[in-house]
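The listed protein sequences derive, respectively, from chains X, W, L and R. Residue numbers for the first sequence, in the numbering used here: 30 to 394. Residue numbers for the second sequence, in the numbering used here: 30 to 394. Residue numbers for the third sequence, in the numbering used here: 30 to 394. Residue numbers for the fourth sequence, in the numbering used here: 30 to 394.
To be clear, the hints were calculated from the coordinates, so they are not data collected in a lab. Check each hint, because a few of them may be wrong.
[Said to hold, decoys possible] Taking lysine-lysine and the DSSO-like style, the derived pairs with C-alpha atoms no more than 27 Å apart in a straight line are: (1) L:Lys81 with R:Lys55; (2) L:Lys81 with R:Lys380; (3) X:Lys284 with X:Lys259; (4) R:Lys81 with W:Lys383.
There are 4 protein chains.
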Amino acid sequence: MKKQQEPVSYGGYLQLDKILSSQDLKSDELNAHAHDEMLFIVIHQTYELWFKQILFELDSVKVMFQNDYVDERNIGIAVSRLQRIVEIEKVLIDQIRILETMTPLDFLDFRNFLTPASGFQSYQFRELEIKLGLKTDKRIKYSQQAYHVLYPEEIQERLLDLEKQPTLFGLLESWLERTPFLELTGFNFIDAYRKAVDKMLAGERAVIENSNLDADDKLGRLQLMSASEKHFDSMLDEDKHNQLIREGRRRLSYKATLAALFINLYRDQPILHLPYRLLSEILDIDELLSTWRYRHALMVLRMIGRKTGTGGSAGYGYLKSTAESHRVFADLFNLSTFLIPRSDLPDLPEKMEKSLSFYFTQQGK
Amino acid sequence: MKKQQEPVSYGGYLQLDKILSSQDLKSDELNAHAHDEMLFIVIHQTYELWFKQILFELDSVKVMFQNDYVDERNIGIAVSRLQRIVEIEKVLIDQIRILETMTPLDFLDFRNFLTPASGFQSYQFRELEIKLGLKTDKRIKYSQQAYHVLYPEEIQERLLDLEKQPTLFGLLESWLERTPFLELTGFNFIDAYRKAVDKMLAGERAVIENSNLDADDKLGRLQLMSASEKHFDSMLDEDKHNQLIREGRRRLSYKATLAALFINLYRDQPILHLPYRLLSEILDIDELLSTWRYRHALMVLRMIGRKTGTGGSAGYGYLKSTAESHRVFADLFNLSTFLIPRSDLPDLPEKMEKSLSFYFTQQGK
Amino acid sequence: MKKQQEPVSYGGYLQLDKILSSQDLKSDELNAHAHDEMLFIVIHQTYELWFKQILFELDSVKVMFQNDYVDERNIGIAVSRLQRIVEIEKVLIDQIRILETMTPLDFLDFRNFLTPASGFQSYQFRELEIKLGLKTDKRIKYSQQAYHVLYPEEIQERLLDLEKQPTLFGLLESWLERTPFLELTGFNFIDAYRKAVDKMLAGERAVIENSNLDADDKLGRLQLMSASEKHFDSMLDEDKHNQLIREGRRRLSYKATLAALFINLYRDQPILHLPYRLLSEILDIDELLSTWRYRHALMVLRMIGRKTGTGGSAGYGYLKSTAESHRVFADLFNLSTFLIPRSDLPDLPEKMEKSLSFYFTQQGK
Amino acid sequence: MKKQQEPVSYGGYLQLDKILSSQDLKSDELNAHAHDEMLFIVIHQTYELWFKQILFELDSVKVMFQNDYVDERNIGIAVSRLQRIVEIEKVLIDQIRILETMTPLDFLDFRNFLTPASGFQSYQFRELEIKLGLKTDKRIKYSQQAYHVLYPEEIQERLLDLEKQPTLFGLLESWLERTPFLELTGFNFIDAYRKAVDKMLAGERAVIENSNLDADDKLGRLQLMSASEKHFDSMLDEDKHNQLIREGRRRLSYKATLAALFINLYRDQPILHLPYRLLSEILDIDELLSTWRYRHALMVLRMIGRKTGTGGSAGYGYLKSTAESHRVFADLFNLSTFLIPRSDLPDLPEKMEKSLSFYFTQQGK
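Put together the whole structure using the sequences plus the hints.
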């Protein structure tokens with residue numbers, strides 16, 4: 030019996046009594062009413078609600094990938110949920126415009142009352158970073174301290190515990206390593222790819238050498254070519270890749286990187302459509318989070334200038350630097366460096382191509 | 030002594046314990062977990078938080094206009110706060126994209142559990158409509174009943190009481206009636222305006238008559254001209270205006286309408302900048318609310334088709350019709366009909382122009 | 030040899046000499062410079078560029094569906110291109126905010142100079158409507174005339190010719206009719222669906238009858254139930270569906286409608302992911318076009334009030350009514366009416382389920 | 030006689046024959062049709078159209094400020110036009126989503142054909158940077174060369190000439206220096222401000238010293254306090270300000286900075302409303318341009334990875350660094366550092382306050 034007995038009301042269902050009674054202005058408490066404090070509270074509450082939703086989606090996706098065997102049906106669902114996170118992130122960015130209707134002077138009316146609270150203390154945001162896969166040693170130091178010491182002891186423990194759990198990065202890496210694309214039907218992807226790259230680079234080099242560019246310009250471009258060739262080396266040679274990992278300049282394992290490259294190169298194959306979208310949504314999530322961080326940093330700069338934050342935080346400089354450094358899936362962004370034009374792409378063996386296809390409509394009719 | 034004693038924490042300040050513990054899924058309670066119900070709850074909670082913020086700003090603006098004498102300083106503040114409402118409305122519209130990541134089938138997983146709750150029961154939204162100035166007799170009938178009978182008795186009383194309070198529409202009307210522009214320094218605005226309109230219409234008529242259009246087309250356009258002239262009549266003649274009010278086709282008093290027209294026509298005068306922006310923000314609010322209603326109706330159509338809502342409501346048809354009918358400031362939209370080109374605009378007497386100006390930089394240097 | 034010889038320059042490639050020299054202000058020609066006319070020209074030119082792009086994508090999608098046999102690989106590409114149209118539409122809507130920085134009075138500075146040109150004369154927009162599948166007899170009459178008489182004769186012919194070409198609506202319909210889902214492995218979809226619907230409706234009716242609602246309310250809800258049951262009848266009975274088509278209340282053929290319903294109901298099957306997204310993007314396109322029309326109508330209302338357009342067009346009233354009437358894929362919106370909860374969904378035969386699946390990762394390992 | 034004789038047509042007025050015939054695909058010319066090249070061309074053309082519009086607005090604003098005496102009426106108009114630029118910038122950012130529907134592999138289909146053209150060659154964008162006031166010596170080096178050598182000689186000259194013209198930055202600075210606020214009626218702003226700052230800082234220091242923080246934390250915060258005090262020194266002491274200018278860390282003259290600070294602090298005065306909005310819109314323009322640069326850089330990263338651009342440009346790294354370094358109005362952002370709470374703000378002398386006010390409604394009634 031699934032149907033409930035008691036009639037549900039809109040307000041009761043949404044627990045509006047709690048939601049709408051959770052705005053107590055510090056400035057009122059201190060008899061110095063500051064009109065804009067209400068906005069400050071409400072917008073942060075909506076941010077936290079959306080963080081909760083993002084975590085809820087992220088957790089559900091992680092569960093799907095935690096099994097050794099990922100049901101294919103789930104890839105489609107995972108893509109939908111990651112796409113929902115993307116749509117939420119867009120709104121998180123749009124919302125900044127609302128906060129910017131509060132001017133710096135309006136903020137000063139109540140800013141001091143909030144000391145030492147700081148947005149940095151958002152537990153859910155830390156949780157999000159960790160669950161995506163931000164590594165502790167990649168974190169920008171905040172006030173010269175390990176980030177977690179700013180939290181009460183109980184929260185510290187939860188954060189340290191969280192860091193030991195599987196992350197989206199790790200789960201994606203394992204899944205990529207397990208995908209069978211690279212081993213299907215005897216197609217040696219890395220060999221075919223190497224030949225295609227060599228041919229492409231030789232062609233590009235010839236174009237420069239045969240061009241009418243003046244000597245200096247030609248030299249400059251040939252130097253850039255060399256850099257580019259060296260770059261490809263790092264993809265064609267597992268040892269070099271692993272060396273870059275040791276140096277902290279790459280993170281994704283070699284096998285997973287090749288699988289992701291394969292998906293990107295052959296994404297026109299029907300069966301690779303969903304894996305490609307999966308990677309694509311994850312890039313979107315990282316890109317929009319980065320954009321949000323950047324916009325947020327600019328907004329803070331405009332609001333408090335070069336002052337330190339209410340919690341004594343490093344303010345604008347810190348926030349801005351996280352926009353780049355806290356990007357978790359940088360390796361996926363960098364993959365584009367290693368793509369080659371479709372016209373240079375090695376053909377898949379017919380048998381393999383067939384195994385990557387499926388059919389909707391009646392054939393041979 | 031304004032500074033607080035106890036250190037404020039981020040989570041405590043935002044009452045996150047309450048905010049983040051207010052999501053109980055009906056589908057969980059009924060042992061039929063529906064993943065998307067979380068989104069459904071969270072997005073409605075953010076909507077209600079934003080409605081609270083809009084009402085907070087609206088109330089503060091109404092207070093400013095409730096005095097007989099409106100401090101000029103307040104016009105600037107009112108404009109800022111109305112503009113904040115505009116920015117919030119944009120996010121309300123953008124958020125619909127998030128909800129649309131929930132597909133109709135996903136919604137069906139828990140829709141039945143919510144009966145008979147309905148978004149129509151949002152008290153704050155009704156409050157917003159009433160405070161803006163939506164008149165009860167203008168409301169689209171909802172399920173063939175007076176709208177308030179759908180609420181518990183206590184809420185009904187609050188709504189009926191609210192309807193007796195001053196509205197933004199009414200306060201704006203009074204303020205417009207009290208503005209001194211029309212009486213300043215003996216400039217007879219309505220006379221000057223009438224002459225300018227007559228000249229403009231005569232010119233337009235001449236253009237058509239002297240054109241190379243074929244007879245039918247010319248006739249058609251001249252008929253449109255007559256309609257246009259009749260339209261202007263209704264602005265130039267107070268009795269006709271009042272007749273339209275009695276017929277329910279206009280609402281704003283004649284005096285207030287003329288003041289608003291004056292502000293629109295002479296908005297280049299420095300002193301009219303803020304009054305013009307005030308009218309402009311109110312139009313934005315109405316336009317975006319209308320857009321939100323329309324987008325919301327489309328989303329509902331897509332989600333449940335032509336079904337009735339969970340509360341037995343009339344669904345798409347009802348929602349769509351409110352997009353137009355519940356527009357409160359239709360008279361301000363219509364004002365554009367009565368504008369005339371700057372080149373036809375009567376010059377203000379020098380003395381009046383001076384009284385509408387002010388100066389920032391050193392003159393005569 | 031694919032590489033070009035001559036070096037390409039940014040400005041030459043984009044033909045900026047033409048693009049950036051195509052803004053001649055009428056008001057300048059008439060020695061009555063109106064600053065805002067530049068914006069008016071530029072924004073319309075960007076609209077036309079985007080229309081060109083939309084048509085380019087739409088044409089490429091149509092070609093894919095014009096073959097009897099649609100390569101599955103193309104569904105993924107079609108989805109991507111339709112999604113691009115969606116992103117463009119969002120920008121078309123966003124751009125209205127730019128135009129709204131032009132005030133009604135600013136527009137009047139040059140509006141008369143444009144007579145009798147009218148946005149209605151956008152050939153590309155008409156082309157878009159026709160290619161999507163807007164039927165001539167569904168068009169809202171514009172100035173009481175057939176829409177095409179407003180164009181020069183040569184254009185009229187092109188439009189009338191266009192109307193004879195295959196439309197996205199028609200091609201989608203054929204493709205849906207050809208999909209094999211309904212006939213796969215002997216699963217009788219319509220029978221299974223009918224049983225599920227009957228069970229669901231009986232359940233809903235029982236809930237109402239056993240509820241504590243007062244007599245009037247119960248009666249009201251039961252009446253709504255009857256309406257709902259009648260609605261389902263029209264889907265379960267091909268004759269009733271065809272009757273609705275004859276009455277102009279439905280358009281999509283019965284077979285195509287069932288296929289679309291099947292895709293919606295079983296979209297969790299991996300192989301249905303892309304067909305589902307295809308339908309989904311088409312809905313998005315229609316919904317956003319509708320939103321654009323509505324926003325555009327509101328903007329026109331605000332700009333010129335209830336005046337007729339420069340071309341003598343019917344202005345706001347006309348534009349607003351097209352927002353609903355010119356929606357081409359209304360049948361897809363209405364499909365939601367016929368969805369049933371997953372919990373009531375008939376299971377697919379195992380053999381069929383298998384044929385709708387595919388696998389990425391290594392199984393049994 | 031202002032009315033034109035010949036009837037205007039929509040297509041003729043917009044010169045659609047030119048606009049819509051300016052898309053020639055290199056890939057078609059080379060017999061290697063790449064579908065996505067059309068989007069690439071069209072989106073860049075819309076960008077250039079919008080750049081033209083932005084420059085048109087910017088030029089018109091610059092003219093207003095080029096006179097020694099700026100008509101007050103013009104401040105309102107300038108604000109409107111700057112706000113239009115803001116709305117355009119939002120669309121420029123939104124448009125990136127459209128370009129991101131082109132995948133890296135799709136881009137590779139035609140990328141090589143474009144060599145050595147590069148978006149860096151957009152003359153209008155360079156023009157915009159220069160007209161806003163970007164100084165040549167502040168430019169990030171692009172490919173290790175002065176930026177203008179990348180252009181044909183004729184363009185180089187135009188760019189170098191442009192750099193000698195007045196910029197928005199320079200004109201705003203002069204206007205601020207000429208505003209009379211600081212000298213009105215004997216109010217010594219800098220003295221009053223100094224006292225208020227001293228009092229505020231002393232208060233903040235006391236709060237820290239009397240707090241229950243542990244010794245380390247207290248020390249840390251007191252160090253931050255010292256930094257903050259030093260910061261204020263640089264505003265209170267003209268010599269220190271000028272020293273920072275010499276070091277390239279500030280740019281706006283001391284006098285202009287104080288005027289801008291005054292406007293920010295006393296913006297509630299009616300007469301300061303427009304000057305405040307003027308500063309505010311300029312901040313918006315800079316902030317959104319910065320956001321656009323950042324989003325654009327991310328998009329490029331995603332599209333081509335760490336490769337160099339088609340013109341041999343430095344790609345992502347270069348683009349990202351301009352987001353911060355090419356911000357022209359950094360001094361206005363930094364102003365927030367020097368704001369003090371309204372409660373600490375020195376009262377204006379009554380006579381001065383009166384001169385900053387004006388009245389709409391009937392007084393003394």
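Check: Is the straight-line distance between the alpha-carbon of R:Lys81 and that of W:Lys383 27 Å or less?
Finding: violated (36 Å)
Next item on the list: For the pair we were handed, X:Lys284 and X:Lys259, check the Cα-Cα distance against 27 Å.
Entry: Satisfied, since the Cα-Cα distance of roughly 20 Å is no more than 27 Å.
Check: Between L:Lys81 and R:Lys55, is the straight-line Cα distance small enough, at 27 Å or below?
Finding: Measuring from Cα to Cα gives roughly 18 Å; hence the hint holds.
Next item on the list: Sort out whether R:Lys380 lies within 27 Å of L:Lys81, counting only the CA atoms.
Entry: Judged against 27 Å, a Cα distance of about 61 Å means the pair is violated.
Hint compliance for this structure: hints 2, 4 are not met, and every other hint is.
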